[in-house]
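Chains as they are written, first to last, in my numbering: chain A, 1 to 326; chain B, 1 to 326; chain C, 1 to 326.
Calculated from the structure, these hints are not laboratory results. Be aware that one or more of the hints could be misleading.
[As the list claims (entries may be wrong)] Okay, the calculated bits of chain C under chain A, using three or more residues with CB under 8 Å as the criterion:
#: 1; stretch: 45–58
#: 2; stretch: 74–80
[What the hints assert, rightly or not] In silico contact screen, one side only, chain C against chain A (beta carbon under 8 Å); selected entries:
#: 3; residue: Thr66
#: 4; residue: Gly291
#: 5; residue: Gln293
#: 6; residue: Val295
#: 7; residue: Ile304
#: 8; residue: Ile314
[As the list claims (entries may be wrong)] Calculated cross-link-like contacts (lysine to any residue; reagent style SDA-like; alpha-carbon spacing at most 20 Å):
#: 9; chain 1: C; residue 1: Lys162; chain 2: C; residue 2: Leu192
#: 10; chain 1: B; residue 1: Lys238; chain 2: C; residue 2: Ser98
#: 11; chain 1: C; residue 1: Lys238; chain 2: A; residue 2: Lys238
#: 12; chain 1: A; residue 1: Lys238; chain 2: B; residue 2: Ser98
#: 13; chain 1: C; residue 1: Lys162; chain 2: C; residue 2: Lys238
#: 14; chain 1: A; residue 1: Lys162; chain 2: A; residue 2: Gln293
#: 15; chain 1: A; residue 1: Lys163; chain 2: A; residue 2: Gln144
#: 16; chain 1: C; residue 1: Lys267; chain 2: C; residue 2: Asn292
#: 17; chain 1: C; residue 1: Lys163; chain 2: C; residue 2: Gly122
Here a beta-carbon is modelled for each residue, glycine too, at the ideal position from N, C-alpha and C.
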Amino acid sequence: MPADNIQLDDNGKLLHFLSIEGLNQSILTEILDTAESFTSVSERNVKKVPILRGKTVANLFFESSTRTRSTFELAEQRLSADILSLNVSTSATTKGESLLDTLQNLEAMQIDMFVIRHRDSGSAYFFAQHVGPGVSVLNAGDGQHEHPSQAMLDMYTIRHYKKDFSQLRVAIVGDILHSRVARSQIHALNLLNTAEVRVIAPRTLLPVNTESLGVQVFEDLDQGLKDADVVIMLRLQKERMRGALLPSEKEYFRLYGLSQDRLNLAKPDAIVMHPGPANRGVEIESSVMDGNQSVILQQVSFGISVRMAVMSMIVGQSGLQTGDES
Amino acid sequence: MPADNIQLDDNGKLLHFLSIEGLNQSILTEILDTAESFTSVSERNVKKVPILRGKTVANLFFESSTRTRSTFELAEQRLSADILSLNVSTSATTKGESLLDTLQNLEAMQIDMFVIRHRDSGSAYFFAQHVGPGVSVLNAGDGQHEHPSQAMLDMYTIRHYKKDFSQLRVAIVGDILHSRVARSQIHALNLLNTAEVRVIAPRTLLPVNTESLGVQVFEDLDQGLKDADVVIMLRLQKERMRGALLPSEKEYFRLYGLSQDRLNLAKPDAIVMHPGPANRGVEIESSVMDGNQSVILQQVSFGISVRMAVMSMIVGQSGLQTGDES
Amino acid sequence: MPADNIQLDDNGKLLHFLSIEGLNQSILTEILDTAESFTSVSERNVKKVPILRGKTVANLFFESSTRTRSTFELAEQRLSADILSLNVSTSATTKGESLLDTLQNLEAMQIDMFVIRHRDSGSAYFFAQHVGPGVSVLNAGDGQHEHPSQAMLDMYTIRHYKKDFSQLRVAIVGDILHSRVARSQIHALNLLNTAEVRVIAPRTLLPVNTESLGVQVFEDLDQGLKDADVVIMLRLQKERMRGALLPSEKEYFRLYGLSQDRLNLAKPDAIVMHPGPANRGVEIESSVMDGNQSVILQQVSFGISVRMAVMSMIVGQSGLQTGDES
Chain A
1 MPADNIQLDD NGKLLHFLSI EGLNQSILTE ILDTAESFTS VSERNVKKVP
51 ILRGKTVANL FFESSTRTRS TFELAEQRLS ADILSLNVST SATTKGESLL
101 DTLQNLEAMQ IDMFVIRHRD SGSAYFFAQH VGPGVSVLNA GDGQHEHPSQ
151 AMLDMYTIRH YKKDFSQLRV AIVGDILHSR VARSQIHALN LLNTAEVRVI
201 APRTLLPVNT ESLGVQVFED LDQGLKDADV VIMLRLQKER MRGALLPSEK
251 EYFRLYGLSQ DRLNLAKPDA IVMHPGPANR GVEIESSVMD GNQSVILQQV
301 SFGISVRMAV MSMIVGQSGL QTGDES
Chain B
1 MPADNIQLDD NGKLLHFLSI EGLNQSILTE ILDTAESFTS VSERNVKKVP
51 ILRGKTVANL FFESSTRTRS TFELAEQRLS ADILSLNVST SATTKGESLL
101 DTLQNLEAMQ IDMFVIRHRD SGSAYFFAQH VGPGVSVLNA GDGQHEHPSQ
151 AMLDMYTIRH YKKDFSQLRV AIVGDILHSR VARSQIHALN LLNTAEVRVI
201 APRTLLPVNT ESLGVQVFED LDQGLKDADV VIMLRLQKER MRGALLPSEK
251 EYFRLYGLSQ DRLNLAKPDA IVMHPGPANR GVEIESSVMD GNQSVILQQV
301 SFGISVRMAV MSMIVGQSGL QTGDES
Chain C
1 MPADNIQLDD NGKLLHFLSI EGLNQSILTE ILDTAESFTS VSERNVKKVP
51 ILRGKTVANL FFESSTRTRS TFELAEQRLS ADILSLNVST SATTKGESLL
101 DTLQNLEAMQ IDMFVIRHRD SGSAYFFAQH VGPGVSVLNA GDGQHEHPSQ
151 AMLDMYTIRH YKKDFSQLRV AIVGDILHSR VARSQIHALN LLNTAEVRVI
201 APRTLLPVNT ESLGVQVFED LDQGLKDADV VIMLRLQKER MRGALLPSEK
251 EYFRLYGLSQ DRLNLAKPDA IVMHPGPANR GVEIESSVMD GNQSVILQQV
301 SFGISVRMAV MSMIVGQSGL QTGDES
């Protein structure tokens with residue numbers, strides 16, 4: 001899969017947003033800083049700026065999604081874009097058109113930005129390689145590859161609560177093997193010079209080359225949580241249970257579920273994160289999810305600002321100007 | 001179910017719009033007056049005012065609906081809101097999230113107003129009890145409990161054609177037992193001091209405590225229609241036929257269907273209303289539905305103004321200011 | 001089916017856009033000229049004009065569609081309309097309402113324009129006959145009758161590349177019998193005084209009265225393509241295969257599929273068009289579809305301008321005024 005050359009132009013400006021891999025610390029920090037300026041937009045009375053006014057954004061969700069799709073749509077509305085949201089599973093592809101045909105037809109409609117979620121790893125790259133100049137692609141999750149806007153809202157959340165990555169121990173718990181979220185998080189945490197990135201999972205849910213990703217691997221949850229500043233729980237896809245990868249939900253919770261007792265092994269001020277939707281009682285105890293160390297709902301809020309930031313950087317505006325209210 | 005304390009603030013201002021029960025005559029009259037100022041908006045050339053500009057309204061329809069959902073969406077657009085419409089049956093709840101999780105995640109997206117339709121009675125109250133300060137909930141129909149915006153557009157229609165409630169005989173005909181529309185109408189008619197509210201239905205379609213609602217009960221349609229000023233026909237849910245509650249459609253029409261002959265028992269200038277969608281030939285004869293006493297389509301039109309009124313009262317603007325065109 | 005009297009007012013102004021049949025050369029030319037002024041809108045940085053500001057357009061797609069529906073929605077957004085898009089198959093009609101009831105209820109919501117696609121020929125006319133004054137209907141495809149906006153974007157494409165219709169040989173290839181697109185194209189090409197309109201199809205896919213439409217009929221593809229300036233391929237509905245009308249896909253391609261070799265029989269600068277979605281390898285070879293004589297994607301682009309043109313003519317604005325940016 002191509003890496004650093006397609007997302008950035010010769011001056012290092014963001015053209016597409018496809019994966020954290022291939023980006024650099026400076027871009028990641030710019031996204032976080034820009035998002036910070038937009039957080040105030042979402043909180044003020046008139047939540048709108050004209051940055052994407054007269055631009056058209058097409059949301060192509062080949063996989064269903066509530067959280068990601070809704071926050072992208074709200075980000076687009078708050079940037080004043082025109083929006084074309086296609087429920088792609090029920091549209092032209094059912095008439096036998098290929099993904100490339102669908103893309104080219106939409107591009108002919110003068111779409112400025114595509115937000116795409118697709119079950120195939122690499123689909124967002126495929127799109128980006130085929131759109132013409134001036135058209136951008138944002139990856140909203142491609143197969144088991146990456147989910148970069150989720151990772152950036154996670155980084156935003158961590159920076160918001162913990163400030164300095166270089167002092168942090170971050171533990172990611174769960175199905176690393178199948179998780180595009182984990183993959184993007186690990187790249188981002190490393191680019192931002194996180195002191196220690198841990199992954200905690202049973203062997204069956206770890207990629208073979210995990211250590212090469214620059215993380216410490218723990219199979220034991222208690223050991224992995226020790227002194228962590230940030231605990232990120234991953235969603236357990238229930239279909240994994242049906243395969244040979246895992247025993248029962250109950251057994252999974254016993255071994256890898258986050259209870260309050262376990263959380264107490266981490267630092268007293270550790271924060272708990274989850275990309276959602278969570279399986280209460282499977283990977284996380286309800287009381288922890290709703291407890292005062294949980295910042296799970298704040299992640300959702302920050303997701304809008306982060307998506308606004310990425311889209312406005314792509315059109316060449318780094319954040320909010322004075323008097324920028326539309 | 002909680003009543004008067006949650007919908008109004010200490011100054012009697014509207015915070016949520018959940019049920020007619022618990023509101024008072026002054027609020028109902030303010031809704032009608034405000035709606036009147038918006039009727040002109042829908043009729044003029046540019047049907048838009050900036051009252052909800054930069055606010056976000058989420059439409060959560062767990063039950064399908066064309067009329068109610070479309071008129072809410074149009075009301076929101078005409079108030080210049082940003083709109084997030086979720087087809088909730090196919091979204092996160094299918095991934096096993098609870099209603100409360102869905103709500104909290106959406107609230108984290110800085111939604112200002114929720115419009116919710118749900119098959120469970122009390123769901124709108126449940127939402128209102130759980131949202132934070134500054135966030136409002138509008139009930140677009142909850143189970144067999146209430147459908148307050150429908151009742152208010154009905155009140156608007158009655159006042160438009162008949163002016164003074166204190167002189168009116170209003171007959172509601174059909175499945176009172178299962179009808180959230182009827183429940184809301186009865187409360188509203190009583191709050192507005194209607195001279196006489198009649199319900200006409202077979203025993204099997206009447207709640208046990210009907211009389212305690214402040215209505216006159218008739219099992220005979222002809223008697224109930226006598227000298228009525230307003231005749232409101234309810235939709236007959238066809239699934240009731242399959243239960244033991246009712247005989248055939250034909251038999252129902254013979255006993256409780258509104259024909260022109262029967263309508264002639266009411267006052268000569270009586271108006272005929274129906275919340276829609278109507279079963280022609282079951283609860284109402286086609287010629288009556290399309291006849292010149294029918295104001296059924298006018299109800300739909302007024303529905304937009306009434307919904308605009310409620311939403312603008314909630315954000316603290318009672319109707320249209322001069323020069324308020326966006 | 002009514003023809004010329006309902007689409008135009010007494011001064012020849014466009015009221016509805018239902019079929020090419022019944023329109024005249026002057027209106028068609030005005031549509032093309034107006035569309036030309038809008039092409040620049042879609043290409044500029046802020047793709048928006050306020051021509052439909054405060055107007056409401058309802059998109060009623062009883063048949064699914066990506067291309068037509070998306071380009072209509074984008075045209076409406078770029079004209080700044082309020083938009084109500086109903087997935088009609090899953091809405092009120094499932095509760096047993098008739099088409100007319102649905103229409104009247106929507107009309108009561110002060111819709112200014114209806115865009116309707118429906119499997120029944122004549123449905124758009126039916127709508128136009130029943131809406132009140134000031135409300136317009138646009139046909140986005142009705143059964144096997146007409147698809148006039150598709151035909152006009154095709155005319156726009158031809159004029160763009162070939163200028164003068166009076167010198168052109170245009171060949172339409174494929175399932176003429178079932179094609180609303182072909183029917184609209186033939187009317188439009190004749191109204192615009194095309195030198196020669198050819199249809200090329202097996203007998204089983206030709207209407208009985210084809211010659212009376214003012215076209216030359218060819219059963220042999222090679223003969224029909226000879227010296228053509230424009231080659232329009234029609235989509236082959238695969239369900240035709242299952243009937244007795246056609247042999248296999250492979251056999252169809254051998255007889256009526258457009259390969260590069262065959263295209264070489266047309267003029268060297270002939271353009272290739274297709275309304276989409278195309279069946280690659282059935283009616284058209286992939287290399288031709290993606291080749292440099294193909295203008296298939298340009299058709300899609302022009303579709304937005306043409307739809308903007310029709311809608312703005314209906315509201316009484318013939319194209320773009322200076323300073324018309326919203």
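Here is how each hint holds up against the structure:
1. By the rule of at least three residues with a Cβ nearer than 8 Å to a Cβ of chain A, the coverage given for the stretch 45–58 of chain C holds, with 4 such residues.
2. Restraint check on the stretch 74–80 of chain C versus chain A: 3 residues with Cβ-Cβ distances below 8 Å, three needed, restraint holds.
3. Contact between Thr66/C and chain A, as hinted, is supported at the beta carbon level, the nearest pair being about 4 Å apart and thus within 8 Å.
4. Contact between Gly291/C and chain A, as hinted, is not supported at the beta carbon level, the nearest pair being about 14 Å apart and thus beyond 8 Å.
5. Restraint check, Gln293/C versus chain A: the minimum CB separation of about 16 Å is more than 8 Å; hint violated.
6. Hint status for Val295/C relative to chain A: violated, with the closest Cβ pair at about 11 Å, above 8 Å.
7. The interface hint given for Ile304/C is met, as the beta carbon of that residue sits about 6 Å from the closest beta carbon of chain A, less than 8 Å.
8. At its closest, the beta carbon of Ile314/C sits 21 Å from a beta carbon of chain A; the interface hint therefore is violated under the 8 Å criterion.
9. For the given pair, Lys162/C sits about 13 Å from Leu192/C by alpha-carbon distance, which is consistent with the 20 Å threshold.
10. Restraint check for Lys238/B and Ser98/C: the C-alpha separation of about 16 Å stays at or below 20 Å, so the hint holds.
11. Proposed proximity of Lys238/C and Lys238/A is contradicted: the alpha carbons are some 38 Å apart, above 20 Å.
12. With a C-alpha separation of about 16 Å, the suggested pair Lys238/A and Ser98/B falls inside the 20 Å cut-off, and the hint holds.
13. Distance check on the hinted pair: Lys162/C and Lys238/C sit about 32 Å apart at the alpha-carbon level, beyond 20 Å; violated.
14. Note on Lys162/A and Gln293/A: the hinted pairing holds, with a Cα-Cα distance of about 13 Å set against a maximum of 20 Å.
15. For the proposed pair Lys163/A and Gln144/A, the alpha carbon gap of about 29 Å is over 20 Å, so the pair is violated.
16. A hinted pair counts as satisfied when its Cα atoms are at most 20 Å apart, and Lys267/C with Asn292/C qualifies at roughly 14 Å.
17. A hinted pair counts as satisfied when its Cα atoms are at most 20 Å apart, and Lys163/C with Gly122/C does not qualify at roughly 33 Å.
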